[in-house]
Structures are given as C-alpha cells and as structure tokens.
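Visitor: Spelled out from the first residue to the last, the chains are:
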Amino acid sequence: MGIYELSLATIVGINIILALGLNLITGYCGQISLGHAAFFGTGAYVVALMAKAGYPAPINLVCAMLITGGIGIVVGVASLRVRHDFLAITTMGVGFLFLGFVRQQDSVLGGEMGLSGIPSIGLEKPAFLMLVLAVAALCTLFSVYIKKSWMGFAFDAVATDEDTARLLTVNVPVYKLTAFALGTAMAGLAGGLYCYFTRFIMPDDFGFITSISVLSMVAVGGIGSVPGVIIGTMLLTLLPEMSEFLSDYKLFFYGALLFGVMRFAPDGLAGVGSSLRGMLKRSGRAV
Amino acid sequence: MSVLLDVHNVTMHFGGVHALTEVSFDVQDGEFLSLIGPNGAGKTTMLRAITGVVSPQNASIKLAGQAIERLATHRRAALGLAMTNQIVRPFNSMTLRDNVALAVGHQRVATVFRAITAINRDTERKKAGELLEMVGIGDYADQEVLGQPLGRLKRLEVARALALKPKLLLLDEPLAGLNHIEAARFADVVVGINREGLTVVMIEHNLGEVLRVSDRLVVLDNGRKIAEGEPESVMRMPHVRAAYVGKEADHAAA
Amino acid sequence: MLFLELLIQGLIYGCMYAIIAVGLTLVYGLLRILHVAHAGLFTLGAYLGVIVTNATGSLGLAIPVSAMCVGLVGMAIYRLCYQPILSKPPYVALIASIGLFIAMEEIFRLIFGPYGLTYTQVPLQSPLSLLGMSLRMVDIFIVFGSVAMLGLLSWLAQKTRIGIAWRATVDDPQMAGSFGISVQNVRYLNFFIGSALAAVAGIFISLLSNLAEPTMGGVPSYKALAIIVLGGLGNVTGTLIAAVILGVVEAYGTIYVGNLLDRDAIAFAFLILVLMLKPQGLFSRK
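Residue numbers (the numbering used here), protein chains in the order written: chain A, 1 to 287; chain B, 288 to 541; chain C, 542 to 827.
Pairs of lysine-lysine, BS3-like flavour, derived with a Cα cap of 30 angstroms:
#1 B:Lys452 / A:Lys148
#2 B:Lys413 / A:Lys281
#3 C:Lys629 / A:Lys147
#4 C:Lys629 / A:Lys148
#5 B:Lys452 / B:Lys349
#6 A:Lys125 / A:Lys52
#7 C:Lys819 / C:Lys629
#8 A:Lys147 / B:Lys414
#9 A:Lys281 / A:Lys147
#10 B:Lys413 / A:Lys148
#11 B:Lys452 / A:Lys147
#12 B:Lys454 / B:Lys349
#13 A:Lys148 / B:Lys414
#14 A:Lys281 / C:Lys629
#15 B:Lys452 / B:Lys413
#16 B:Lys454 / B:Lys414
#17 A:Lys250 / A:Lys125
#18 A:Lys250 / C:Lys629
#19 B:Lys413 / B:Lys454
#20 A:Lys147 / B:Lys413
#21 A:Lys281 / A:Lys148
#22 B:Lys452 / B:Lys414
Hints are computed from structural coordinates only; laboratory data are not their basis. Keep in mind the model is a prediction, meaning the values are calculated, not measured.
Let the sequences and hints guide you as you build the complete structure.
Guide: Below you can see the structure in the form of structure tokens.
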C-alpha cells in the first residue's frame, strides 16, 4: 500500500468510528444531531492540548472520550427539552457554538489558525492504520452488542414512540442521555485519533459541513444499520477521492448523491439491501 | 374494600380552557369503574393527569396510599399504573410479540446498567406469546404491527398493559371504532381481566357496554363531576340525562 | 450614538433575515420540512439580480424578474424534490434538501466561477444622513422594501380568498380539501412566494456588499433556521419578530460578547438559551 492509500484507509477508519457514534444517537435512539462534528472537534482539541503538554497517547485518548462524553451528556440534556426539528436546530446551534468559541480563543486553542506541531503517537503509518482499524472493529462490535441488548430494545422504544415508552416504565431521559454519552464519546475517540493522524487541527475541520457529512454517511448507509453505516461511510469517503478526473465536480456529485439517495432510496443502502433480499426470496419461491 | 386510587381536587386548564375543575373521586380495589360524559367533558384529560402525561395546576392523586402527582410518568408506571390509548400507539418498528415482550421485561430496562448487561429475550418473548393468547391474538404474535386491523391493535395495547403486572388499568375508549360484535367481545376480555382481580377504570362512549360491565360510574360534564354511583341509578338522574341529550343519544342507541 | 448605530444595523439585518426566514417558515408550516435548499434560491436570486441589472441597467426590472424566475424554480423544487418524499421521516427531506443546496452552490461556482459577480454600477449607493449617522440609500431601501413586502404578504393572507385558502390549508389540509381548496395549488403558491422573497433578500445582500457569490447562502440560511425555530416553527408573525430581535441581539452581541464567541455563534447561543427556557420558541405555533 502506498502512502496515499494508507492515509485514505486511516481516514475511512476514523470516519467509521465517528459515524457509528452518530448512529447510536440518531439511528438507535432517534435523537437527531446536526452538531456531531463539535464532539469530533472536542476530542481532537483535548488530545492536541494534552499531547503537547507531554502526556502519553493512551491517557490522552481516554480523556478525549471521557471529556467529550461528559459534554455530550450536557448537550443531551438539551434533547430532553426539545424534540425533532427543534432538536435538529439546537444541535446545529451547538456545532456553531463550538466553532464560534474555538475560533475566538487565540491564546490556548490557536483560534482560526488552529493547533500545529502535535507530537506523534509513536507509530508508523501502517501500525497506526492497524490501531484505527482495531478501534473501528471494537466500535462495530460494541454497536452490534448494544443493538442486541435490552438497552437496544429500550432505545428502539424511545426512538419509535417515547411517550408510550414512558408508559411502559422506560426512564426515557436517562436513555437519551446514555445514547448521547456513548455516541459522543465515540466521536471524541475518533477526534483524538484524527488529531494524531494529521498532527495539525483547525476549527474548519469541525464545522457544519462535517456534521452534515457524518449524518449523510449514516443516512446513505441506512439509519440504525451497522453494516449499512459502515458501507455508507466507505462510499462517501472514498468516492470523492476516486473520481480524480471529476475532481472539480467532486462536491457537486456529493450533493447530487445525497439528494439522489434520499429522493430515490430513503432507507439507504441497508434498505436497498433488504429489498433485494426480499426480491430474491420471492423469485426463489417462484422457481 | 380499600381505596386503590384516590383522586382529589384535580384542576387543569390549558390557555383559557378549563379542562377540569376540582374533580374528586376514588376507585376501590378490584372494581370496574367507568368514567363517562359528553365530548369535551375532560375524561381523557383526567386519565392523562393520573398517568402524568399532563400536569394539572392542582391535584392530589394517590395510588395505594402513595402520592404520585409529582412523579414522572415512568415512575408511576413502575408503581403499577398501566394505560391504553384512545388512538392506538403500538411500536410500529416491532412485531406484536416484541411490543409485549418489552413490557414483560420492563424490570430489565429499569436501569441502564441492567439493560446493557442483559441480552436474552427468550423468556420475555415466550411470556409475551402467552399474554397475546390471553387476549385472543396469539396467532399473530410474530407479525409486524403495520397493517394490523384496529381490533387486534386494541387487544395488543391491553396485552402490553397487562404485561406490566399493573395494580390499576386505565382504558381510554377501548371500544371506539369497533363494531357491535367486536365491542361486546372486547368488553368481555376486559371483564375477564377484572374478574381476575385487576382494578379497571374505563372511559367509554358506548353506553350499552358501559352499563353492562361497570360496577360504578363517575360522570363528568364540562370539567366537573356531576354524578357518581351505581350504573342504573346514575343513568336515571335527570341532570345526567340532560348532559347527554343531543350529544350522546346516538351513541347509546348504537 | 453607538447604541443607535447598532440598533439601526440590527434592524437592517433583521429585515433581511425576516424576508429569508418567512419563506422558510411558510414551507415548514405547510409541510414540516426544513427547506435548507431555500438558501440556494436566495443565492440564485442574487445572481439573477446582478445579471439583469448589469444587462438592462435597471434594478427596478431586475427585482421582479429575479423574483418571478426564482419563484418558479421554487415551485419546481417542490414538485420534483419534496412532493415524492413527504411521507418519509423528516431527516430524509432534510438531507435531500442539504444535498440539493450543496449541488446548487457548486453549479453557481462551476458556471460563474468562485469569485462571483459584481454590479457594473452598484445602485442606491448615494449617502444619506439620518439622525446623525451616515447611511446609504440602500439601507433605507432595504428596510422600507422589506416592510412593504411583508405588509403585502400580510394583506394577501388576511384579506384575499387566496390567503384565506392558504391559512385554512396550513391549519387542516384535509378539511381544506373537503371545502374544495386545491391543496396542491396552495403548496405551489407557498413555494412561489417563499422563494420569490428569498430572491429579493438575496438581491438586498448583493446590494450591500456588491457581490453575488456561490457560498453566500450558507450563513444567512443557518440563521434563518434558528429564527424560524425562535419564532415558533410555522408561526409567521413570530418569525418576523424573532428575525428583528435576532438582528439586534447580534449587533449588540458582537460588541459585548465578541471576545468569547464570534457573530454566528451569538445567534445560536441566543437560540439555545431561549429554547431551554421556552422549548416551543418565543412564540409557539398558533
């Protein structure tokens, strides 16, 4: 694998972790979040500051998860007050708040110019890729586990009809906060890994466009479906890179893809997958 | 006989509308009480106040002696209160069996730590099947909710409520939308459950069935309680008949 | 003096936000869709405004032409993009709209270049002195233009049969349908008016900065989203008031809180604060 391919694969791995985190919040628990990038950024900045202060990587990554998860709970509290479209805009606002705050802190956070000179994690590129993929695999297993557990059962109820869930003794607020805590912690972890990957971060890496990109990966893959989200992430990360001759039209095709999938296959790839399976089953019987 | 539910001085207004004004009544353990009254009398609001879906300006509500008016809905449910909705609200992302299984296993989701460590759903799904049998829809257990007829969904709501092993079952117009025969059958299912010892409070417009199955009636009109007592004597009261004339006569005739 | 200047500045921006936000809230009130692509129509309006003014020398011609064209494009977007997915969960329309917006921005960039278009001769730049402050004609034009258009819209909604049909459809589409109102036509009208207003707002911005460029729709549209939530999703009067309030809050905010948060973040900080206190917005849906 060349350097370019290694980097690409690493980014795909990081995006998968990020997308699975959002899938927990939005896909499993039904709480729409348009500000996921803020948590990605929080993780990155935590690791950047701690690494520059000389702390070792494992500590930094764990702190990134804990701190981001903690902030995620605070934002999750907002989700208890507002629902659906109000929540979408509120989380969007959280994203802008993060951005706006970081941009103005020139002294500690580097302001608009960001932070550079972040120390290396001490791994060569191939080894780092292995690390990222291992973490992505763990997150995948974790997501699948949650889905099978009673927590996943409760999440499903909350996502489908939270008022009825309450009538069935489900402590809806606690479950929403848990979803935010877990999903944002994952995003923080992804952010920390991203920081070690690029060793240079700036606010624009974590803006509204990034939040939308992650949401698109989840939606195109099929909200709530772990394999769908993974494939969707791979698709939306790799496709723009692969069409080199289209490089100037990259963003246009990205927008068109988003629109096209939502317009013609709103259940995402997972939906297409299950339709195909259904069709094959039926034709199998006919034969 | 002891009092299971004590509702005292419930007052509720939204904006300028006075939905409930100082309504008080109690429900004896094991009885079948029906809450009746013309449209807009505040019956559904009353049920919602009891479950905590709405917060009255003033209320004292006790379940088995414990004050619940300040508790969140899910806490009241955990204390033994179950309700079915006027407009059915099944979880349409799940099968009938899973709808009930979640309720059966409600202890498993009581805390997130318990929920994340519990995977097996077999016991609960089996029990769910039994409950669906009990209300007469066991055959459809593994079907999806989407596309089910209303009668079946209403029974699903009851099975789901029963799965909570409640002390008190609140039913909001369970017979609405059902034809004559379906309504009588469904009412019998509820009566059967009541005979097993479960206290039932039912809102219903179908006065024919109400008179047939209830132990006692409470009548609301314009947010106030205007009568209570044995079904026959309540329906003979002139002011009760007056409240209904023109509004409910058609329902009673049907 | 600073106080007054800030107030006026806040009012001017508030008017522009109001025009954009009204179109958004009209769509939301009717279809419950967050029509992010609205920002693309805003940009299209600005481009058309510049092109027609440069070609004919007349702003007075450019405004209605742009509004008309963009209104029609808006109707097409409804028919081709939103109508087929109305029954899907809300995030579907949201992401579709975002995809459409991104594609539109790119189309502007690909056709007209990344640096945008400018007026060959910017109209309404003559200076004006009011209450001791130095403004330009365009500032007054924007305020009066906005008020006039919103007044017209209000008159349409209250006094004409079309307006009454529209309000009935927003309240209860099924009932409106049974009264013989064509819900489809109301939706077309909705998109036409909302998009036309967005076009005019785009022209206003282009007059202020002498520029129509591909990314100009982004920030105003995010703020417009915040405004329609503040105003109580679907509540037109609430949206207008919220727009002006936000314009003013921003103007003061940048001075007093500017070292902590940048301008855009202030708008959202205000929004979140309000929503925590009043989850239905400042004025909840009527």
